[in-house]
Every structure is written in C-alpha cells, then in structure tokens.
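Student: Sequence:
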Amino acid sequence: MSKSLPSRAENYSEWYNELVKRADLAENSAVRGCMIIKPYGYSIWEKMQRALDDMFKETGHTNAYFPLFIPKSFLSKEASHVEGFAKECAVVTHYRLKNDPNGGGVIVDPDAKLEEELIVRPTSETLIWSSYKNWIQSYRDLPLLINQWANVVRWEMRTRLFLRTAEFLWQEGHTAHATKKEAIDETEQMLEIYAEFAETFMAMPVLKGIKTANERFAGAEETYCIEALMQDGKALQAGTSHFLGQNFAKAFDVKFLSKENKLDYVWGTSWGVSTRLMGALIMAHSDDQGLVLPPKLAPIQVVIVPIYKGDEQLNLIKEKIDPLVKALKKQGVSVKFDISENQSPGFKFAEYELKGVPIRLAIGNRDIENGTIELARRDTREKMSLPFDGIEQVVVDTLHDIQEKIYAKAFAFRESNTHEVNTWEEFQTKIEAGGFLSAHWDGTPETEEKIKELTKATIRCIPLGVKKEVGKCVLTGEPSEHRVIFARTY
RNA sequence: CGGGGUGUAGCGUAGCCCGGUAUCGCGCUUGGUUUGGGACCAAGAGGUCGUAGGUUCGAAUCCUGCCACCCCGACCA
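So the first sequence is numbered by the numbering used here: it starts at 780 and just counts up by one.
To be clear, the hints were calculated from the coordinates, so they are not data collected in a lab.
Fair warning: this is a prediction, and the values are worked out from it, not measured in the lab.
Each hint should be verified, as a subset may be incorrect.
Think about it this way: if two alpha-carbon atoms lie no more than 20 Å apart in a straight line, the pair counts; the simulated EDC-like pairs of lysine to aspartate or glutamate are [unchecked claim]:
#1 856 with 1032
#2 1075 with 837
#3 1105 with 1153
#4 836 with 1043
#5 851 with 896
#6 851 with 862
#7 817 with 806
#8 1188 with 978
#9 1105 with 1171
#10 1013 with 1228
#11 1231 with 1211
#12 800 with 1067
#13 1075 with 1171
#14 1247 with 1228
#15 1013 with 789
#16 1188 with 1176
#17 1235 with 1248
#18 1115 with 1098
#19 826 with 803
#20 1108 with 825
#21 1097 with 1043
#22 1109 with 1168
#23 1184 with 978
#24 960 with 1039
#25 1115 with 1171
#26 800 with 1130
#27 1235 with 1205
#28 1029 with 1011
#29 856 with 1043
#30 1251 with 1199
#31 1162 with 1183
#32 959 with 1043
#33 1029 with 920
#34 800 with 789
Label pairs and their in silico Cβ distance ranges [what the hints assert, rightly or not]:
#35 959 with 1197: 30 to 36 Å
#36 837 with 871: 35 to 41 Å
#37 1190 with 858: 37 to 43 Å
The beta carbon of each residue, even a glycine, is placed where N, CA and C say it ideally should be.
Work the whole structure out from these sequences, hints included.
Tutor: So, in structure tokens, the structure goes:
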C-alpha cells in the first residue's frame, strides 16, 4: 500500500474512494452496490444518529419500527410514488431454497413461490400509511409523530460508498396532521432540524430551499431540501423533508373526524437523512492527508502519543497522562492514550491524521523535563509546544475552536463558489468551474430539462426566503420573479 | 443499462504479446535492536493467478461465457 493518498486535485473521486477505505470507514461487499460499514465509520454514524434522534425526541417524535417487506400491491396505491420507485425495487418472489439435484449448490425452490411478491422497502410511506389507516379515527389521534431508523434498498445502477449504495441506513419520519398548515409547519420544522444538525454538528453549511417539480419526491406536493457544496464544486443533497398533502391519506383511505364532526383526510409529511451524510461529512472537510472530522462527531477527539525509550520513561509519561485522560473524560472528551508498542510515533501521527482525529498530543522525555506537551490540530496541521499545566482547558477550548474553524472554512468555500450569473454565456463558463450558480429561470420544466441537457446542471433548489427580483431566464429570456440555484450534483 | 478499462497472497504489482505451476515491495508471524513525522536486521508463514468452460501433453498466458471493480454517459437520497 502506498503511503500517501491520491490528491484531490489529481483525481477527486479516487481520493474519496481511497480515503473511505484507508480511514477504515467502509468497504465494498460481495453484493454489488452494498457496503460494509466498518467499526470506525459506524461509530461516526452512531454519533450522527444520537444527535439527530435527540433533536427528533425534543420536538415530540417517537421511534417505531415497520417491516422490511412491503406487499407489492401497496406500492401501486399512490400513482406517482410507484412511478418514482418502481425501477429500482428489489423483489422477493420465493421463500425457500433447496439442494440442486444437478449439482452441489442450492437453487430457488420453484414450489415455494409467493402468492404476492414482496418489495424490499425503498421507503416506507405505503406500509406506514396502511397502518395509519387503523391508528387514526379522530382529531384526538393527531398529530401522529413517528420516526424510524431503518435500512432501505434502492437498486441503483451506479453506486459509490456512502454517496449512493443499493442498501443504505437512514431515518424516515412519517407524520399525520389534522390541518394543512400544521403539516407544512412540521415539514419546515424538520428541515430546520436538518439544517441545524448539518451546521452545528457536521460543521457543514447548507442551503435550505424547495425543489422544483422535476426534482420533487414521488408522491409529495412539496419537497424541501438542504443542499451542501462539496470541495470539487458539486452539490450534494443532504436531506429532504416532504409535504405530502393528502396524497397518501387518499391512497390509503386515512380519514379522521374533526372537532366539528366532519370527516376529512389527514395531512402528511415525511422526512429523511441517510448514511449519505457520511459522504458529505468526508467530502466537506477532508484534505490530502486524510479525514478531517468535526470534534462533535469524531469518535476519538484527542489522541495522546507517548515518545519514549524503555519502560522507565513510559512510566514517567503514564504518571502525567493518566490523570489528564481522566480529567478530559470527566469533561466529556473522548481520549485515546495510544501506548501500543508495535508502531513508531511517526506512524501513529500519520495514522491518526488519516482518521481525522481533531487533536493529537505528543509527550516525550524532553517534555517531561521541560514541563511541556506538544499539541497538533488536525484542521490546520499546526503544532505547538505548550506548558503541561493547564493543557486540559486548552484541549477543550481547541476542540471548540476546530469545530468553528472548519465550519467557517467550509462556509467561505461555499461563498467564494457561489455566483450570480445573468447571461447564458456566463452560465456555461461558470458551471465548468463548479459551485452554485444563482440565476433566473422561467419556471418551466422544459427549460430546466434543456439546461440539464446542455450543461449537466440541475436546479438544486429555490432558496427559502428568496428575494423577489425582476429578471429574465438565463436560457430563454422569458420573465422570472426570482433566482434559483443551479449546480452539478452527485 | 450503453461505451472504455482492469482483475495475479491482506494491499500494491511483474510475468501474458511469444504456453512449461509465479516476481518484487508493503503488511503479517517470531527474535533482537529502535522510537520527537510512516524505523532497522534476521528468520518465517501466506497463491484454486476473479469465475466457469474450451483449445493443448501442458494455461496466469490463447479462445468463449459469466461475475466484480474503476472511468465516462442515462437513472437516483
């Protein structure tokens, strides 16, 4: 294995793939398009889950679990929904294998064919709404605020670790409400939660907006999204929150009796983020040396590397470090004191940089004599020799500082890669360099499609709170009332 | 799913054109010396050459099918 990573400039996607593997986050499995999330990668996901789950609970949601299999007939009940997902569904047709009479292996038992095929869920709206029908009778049963953590399967043609896998982990919230306004408020609230999570935990700035009809979730009336800009200038959809209107209520006949004794369909929402966020996290901050993790999501926040000759020196170091480790843990900092002997300090330095550990402390004989310790921060790769006394507070402060600095860096990157464009020539030139383009659009799906054909750029969103501005469509010159955001995407 | 490329030890590779059971480096094991940016010496272990067929006395090498991965398109969270 060569020691250094391919550089981002050289080959961005190779850099990404290599980084995911070498940082021990995930690897491909025997099944095409499916990935094995390794312990280090999974512990980052667990931290994400924990933070999101807390936010869901704080806003009144509870977790439940619905099955992996959906009867085929359910999927077809909402017309646009089935149209959106039909092409990428895994289907269970049999329930038994048997020994192959002609050979050593096993074959599908033709006698064990299912009456009705089962779909491996690509998303759970249909199954959940079929349950909601039984759960909801009165306005007193509303709102129903449920989330589930699950795996889903979408049989994608082309997959990439974390960014697009055939099976992925996610959460999907499914809520039911008595009024349209309440459902829209819920949709917007969850978008806010996603944005807050992305920005405060992932240190990744996101653009909040609404999808155009072309990009809308199959079965939704309105799709809200957060969009992030990656270092190679491509956009990544990081989370979506859908206002479902009464579409699923009508498809599954979910009605409730209001206070006024009137029967009406309930209003729905659904919202989700997936392990794709791992991909976003990796690409948002990491560099040619490896991962750069925000302290709030780093499984190990501080690693301490001893440098010593013989047990006597190691014992002196341990005497100083053991209390520091305790004190840091008490403050909620996750620390690893790496006294493994089989690797040199230099190796450990490189290894923990690859894994994105935010702070590294190194201490050797020299420091013991001088009463110092070396602190290296992953984000800037700065190293400084500091007094040992008081290092605990410096570490805590530096973790906060790293969290802020990497956000600021990502924010500055997005700002310098977001451009207002007013002519088609400008659009074509600028899109080649990547980034978000803010431009006028005539509001028609045809123009959106045409622009995609010509430039591979799609409308990422109509930003929330976009300013009214009289303008002309960048392609057709037709009148437009506000700008929208274009980008090339993952 | 279309076009192009690749598959040899855990990883990276040589050998393939021109057929004779596989090269080197990293990693791994054991022992010793080391340790302030990916340590060194010595001795070892590790291979159905992606897979299934075919041609041949003999296949990593030639032929065919299949599978997987990478790059570029279409589809998508």
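Student: Confirm or reject each hint.
Tutor: Quick rundown of the hints versus the structure:
no., hint, in the structure
1, 856 with 1032, "10 Å, holds"
2, 1075 with 837, "19 Å, holds"
3, 1105 with 1153, "19 Å, holds"
4, 836 with 1043, "28 Å, violated"
5, 851 with 896, "6 Å, holds"
6, 851 with 862, "13 Å, holds"
7, 817 with 806, "7 Å, holds"
8, 1188 with 978, "12 Å, holds"
9, 1105 with 1171, "10 Å, holds"
10, 1013 with 1228, "18 Å, holds"
11, 1231 with 1211, "13 Å, holds"
12, 800 with 1067, "14 Å, holds"
13, 1075 with 1171, "17 Å, holds"
14, 1247 with 1228, "24 Å, violated"
15, 1013 with 789, "16 Å, holds"
16, 1188 with 1176, "18 Å, holds"
17, 1235 with 1248, "26 Å, violated"
18, 1115 with 1098, "15 Å, holds"
19, 826 with 803, "16 Å, holds"
20, 1108 with 825, "19 Å, holds"
21, 1097 with 1043, "69 Å, violated"
22, 1109 with 1168, "17 Å, holds"
23, 1184 with 978, "12 Å, holds"
24, 960 with 1039, "18 Å, holds"
25, 1115 with 1171, "14 Å, holds"
26, 800 with 1130, "13 Å, holds"
27, 1235 with 1205, "15 Å, holds"
28, 1029 with 1011, "43 Å, violated"
29, 856 with 1043, "19 Å, holds"
30, 1251 with 1199, "13 Å, holds"
31, 1162 with 1183, "19 Å, holds"
32, 959 with 1043, "11 Å, holds"
33, 1029 with 920, "18 Å, holds"
34, 800 with 789, "18 Å, holds"
35, 959 with 1197: 30 to 36 Å, "33 Å, holds"
36, 837 with 871: 35 to 41 Å, "37 Å, holds"
37, 1190 with 858: 37 to 43 Å, "41 Å, holds"
In the structure shown, a violation is registered for the earlier hints numbered 4, 14, 17, 21, 28, in ascending order.
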